[in-house]
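Just so you know, we're using our numbering here: the sequence shown kicks off at 341 and counts up by one.
Just so you know, the hints here were simulated from the structure itself, not pulled from any lab data.
Just so it is clear, the structure is predicted and the values come from calculations on it, not from any experiment.
By construction, the Cβ of each residue, glycine as well, lies at the ideal position given by its N, Cα and C atoms.
Warning: the hint list may mix true and false statements.
What the hints assert, rightly or not - With beta-carbon atoms standing in for the labels, derived distance ranges:
no.	residue 1	residue 2	range
1	Ala-390	Tyr-354	33 to 41 Å
2	Val-379	Tyr-354	23 to 31 Å
3	Leu-376	Ser-348	31 to 39 Å
4	Asn-399	Glu-369	42 to 50 Å
5	Ile-391	Ser-357	38 to 46 Å
6	Thr-355	Ala-390	50 to 58 Å
7	Lys-400	Ile-353	25 to 33 Å
8	Ser-348	Asn-399	54 to 62 Å
9	Gly-398	Ile-365	40 to 48 Å
10	Ser-348	Val-387	38 to 46 Å
11	Lys-400	Trp-370	44 to 52 Å
12	Val-387	Leu-361	25 to 33 Å
13	Ala-377	Thr-355	19 to 27 Å
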Amino acid sequence: MEVPQQHSSTQGIYTGSLLVLLFQINSSEWLKTIVLAIVGAVVSYTVTHAIKWLVKKGNKI
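Use the sequences and the hints to build the structure in full.
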């Protein structure tokens, strides 16, 4: 079985581009991105459960 050359080249281009972008972002931007991602996840989780609770409460009335 041969791996097509096109797939291998494309994968190498994307991986190389991603690594270049990762090394160009400084650490303060990484920290800010991580904190914002955590805040977004917590808010999303909280709002989802609040809406579920309100729907259950509304169905009981």
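Fill in: Glu-369 and Asn-399 - C-beta distance against the hinted 42 to 50 Å
holds (45 Å)
Item to complete: Please test the hint of 31 to 39 Å on the beta carbon pair from Leu-376 and Ser-348.
Response: The hinted range 31 to 39 Å holds for Leu-376 and Ser-348, with Cβ atoms some 35 Å apart.
Worksheet item: Do Ser-348 and Val-387 keep their Cβ atoms within the hinted range of 38 to 46 Å?
Response: Since Ser-348 and Val-387 have Cβ atoms about 44 Å apart, the given range 38 to 46 Å holds.
Worksheet item: Using the C-beta atoms of Lys-400 and Trp-370, is the stated range 44 to 52 Å upheld?
Response: Given about 46 Å between the Cβ atoms, the range holds.
Practice prompt. Could you tell me whether the CB distance from Thr-355 to Ala-390 stays inside 50 to 58 Å?
Written response: Given range 50 to 58 Å: violated, Cβ gap about 41 Å.
Item to complete: Go ahead and decide if the range 25 to 33 Å is satisfied by the Cβ distance of Val-387 to Leu-361.
Response: holds (31 Å)
Worksheet entry | Pairwise beta carbon distance, Val-379 to Tyr-354, judged against the given window 23 to 31 Å | holds (29 Å)
Worksheet entry | Gly-398 paired with Ile-365, Cβ distance criterion 40 to 48 Å | holds (45 Å)
Discussion item. Is 54 to 62 Å respected by the C-beta to C-beta distance linking Ser-348 and Asn-399?
Written reply: With a Cβ separation near 55 Å, Ser-348 and Asn-399 satisfy 54 to 62 Å, so the hint holds.
Fill in: Supplied distance hint 33 to 41 Å, evaluated on CB atoms of Ala-390 and Tyr-354
holds (39 Å)
Discussion item. Within 19 to 27 Å: is that where the Cβ-Cβ distance between Ala-377 and Thr-355 falls?
Written reply: Distance hint for Ala-377, Thr-355 holds at roughly 23 Å.
Worksheet item: Does the hinted range 25 to 33 Å hold for Lys-400 and Ile-353 at CB?
Response: About 57 Å separates the Cβ atoms of Lys-400 and Ile-353, which means 25 to 33 Å is violated.
Checked against the numbered hints above, the structure breaks hints 6, 7 and satisfies the rest.
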